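Colleague: Read off the chains here:
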Amino acid sequence: MSTKGDFISNLGKIYGFYTGGFAAFVVLLAVLEQVGVPNRVIGYLFLFLTLGVYAFIGVISRTAQLSEYYVAGRRVPAFYNGMATGSDWMSAASFIGMAGTLYLLGYDGLAFVLGWTGGYVLVAILLAPYLRKFGQYTVPDFLGARYGGNFPRFLGVIVLITASFVYVVAQIVGVGIIASRFLGISFEVAVFVGLAGILVCSMLGGMRAVTWTQVAQYIILIIAYLIPVVLLSAKVTGVPIPQLMYGEVLDKITTLENQLGVVKHHVAPFVDAKGAYSWNAAINYFALIFCLMVGTASLPHILMRYFTTPSVRDARQSVAWSLFFIFLLYFTAPAYAAFAKLEVYQNVIGQSISSLPGWVQAWAQVGLVTIKDANTDGILQVAEFTIDPDAIVLATPEIAGLPYVIAGLVAAGGLAAALSTADGLLLAIANALSHDVYYRMIDPKADTRRRLITARVLLIGVALVAAWVAGSIGGSILFLVAWAFSIAAAGLFAPLVMGIWYKKTTDAAACWGIIVGFTITFGYLIWTEFYGPGFVEFWNSVLGSGAADIVKARGRDVARLWGINNISGAIFGVPAAFLVIYVVSQFTRQPSQEMQDFIDSIRVPRGDVRLAGGPATE
Amino acid sequence: MRDVTPEKAKAYWRATSRLMWVMLAMWFVASFVIHLFAPSLNSIRIIGFPLGFYMAAQGSLIIFVVMLFWFARRQNRIDEEYDVAED
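Going line by line, the protein sequences match chains F and A.
For the first sequence, the residue numbers in our numbering are 1 to 618.
For the second sequence, the residue numbers in our numbering are 1 to 87.
Possibly wrong hints are sitting among the right ones.
[Said to hold, decoys possible] Cross-link-like lysine-lysine pairs, in silico, BS3-like; alpha carbons within 27 Å at most:
#	chain 1	residue 1	chain 2	residue 2
1	A	K10	F	K504
2	F	K274	F	K252
3	F	K264	F	K552
4	A	K10	F	K503
5	F	K252	F	K264
6	F	K235	F	K252
7	F	K274	F	K552
8	F	K372	F	K274
9	F	K504	A	K8
10	A	K8	F	K503
11	F	K274	F	K264
12	F	K372	F	K552
Because the hints were derived from the structure by calculation, they are not lab data.
Here the structure is a predicted model, which means the values were calculated and not measured.
When you get a sec, could you build the whole thing from the sequences and use the hints?
Modeller: Below is the structure:
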């Protein structure tokens, strides 16, 4: 792509052609299926052809320029950066797991829908335009420039890696599960297939390659997410707009729940297992929303996407587009949950076990659905049926009676979601190591060639470690993903926001803020999760008995303080970080005039950035 | 390029901060306040949905999206008004 200008001005045509080509490809596979090509072959064609396209984009986007490698040359239009952020953001958990969580939790699961969208408001108004004006390569770059040196930069790198690493491992596990299920290869092999898919997208072209593959991946994932539920809605309600039509489905669910004796209603907010109003459920609902939103606004792989737009103005516009593209999936997820629940209550529960629908039998074989006739009456009762959250989206094509090609499409969508998020996270980690640690702290005299080689070696290194962890401990650490939000929120949100919005924030205050916020939240997570009984004993003796208690989760005795589940650990760390930064700022020497000039210069869109001390990097 | 004087920058920042607080207040209402009333809102129906459920599943999300496009336009207008937009 030597004629980059032409490429940018032709984006609409290129991606339009790409979308049309993909649609034609799906139709072709549908025809092949009808003439008797086996499912296994269709699955292979789907996954390898999409992987091939991503690899092609990755290879033609290779670059030998630093600004292309780190920030895609700052030429990504707001609209396309929005799409790229959408697929960067939506992971395997959003694509496959979210609808299942909503199926299981009903109203209370909507905390995820709210939490993973509303955070973009904070990104737009508090951070993105100013980080774009600052205009360097990474989030720790900002901490280094604003708080005078490598120590705050290093603290930022630690928080970034802690939050992002587990997250990227989870994506690789997701790739492994999807690939092994649809290709029939072993999980360990599938992990390394996925690893190859991730590296080929990001290694040669860095941010530039990741950006243009993420746009391509967004298009596939959103098509794959919408088609099954649109067709299911048309079949069940006669109208192909699931987002509008599941209102009446919710009504039917409530009626069926009353008939079947289900006391915890799907649409009822803040209720316990008995269906009674629960103060604790409400508190955890709002705490989770808060942590997910603030976490969204702190995750470096998202923030760094706004370094790539041509201007501050485009950065703001781009956050709006990002949220729009994310919204398309998230406001559809509750419809998936509702249609699946209706199917289960209507056509599965209360049926004779020997004549259950085909999809139930198919997913029971792979262990995602369990049926246990506890009272041996041959009829399936509510309590005798369990379904794994992952099965909701995966089984919808079969519930709707669609051909196998649609199931293959869903697998390709899930793969796109997992790969795109993995790419973004991997790049965030490797860039922090190559730019912040290697170039800024170890060898500031390194030339471009050396920096790019280091960046790629580190990228491969981090990817291999992540794949090794994914392959060896696999699914047992998936619950850690939710922690990433709390960790990033507690460690990064306050210093970033205060650095821009509160001029008197001092270097020492910011460092203490990061340390205190991160330690409290990370400590709370580890202590409650793995040393629950000790936690309860300690805090009950300090705060009086009843302050802490134990809940059974993930096969462990997990503690909580004041009834706050540990997934919302940032509820303690974020306010603590703000408080520490404010208080310490009052007692330490005010930022220099130079530093205040620097803050003034990033607050205003026009003009140069006046870095305090130290030369600017290119 | 026209320079941004300190006075102009200060006035611009005041207008920008005001917009930020307005957005933050709307965000707080759409994220938290509305949903406090979810149990009672559920007795109202809107296009077939219980309203409390609808607000968490769609209503607040639509508010967020619209808010952000409005914010981008509004902030652009402030940039131009104080003559600090990028050249």
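Colleague: Against the earlier hints, flag every one the structure doesn't satisfy and list their numbers going up.
Modeller: none
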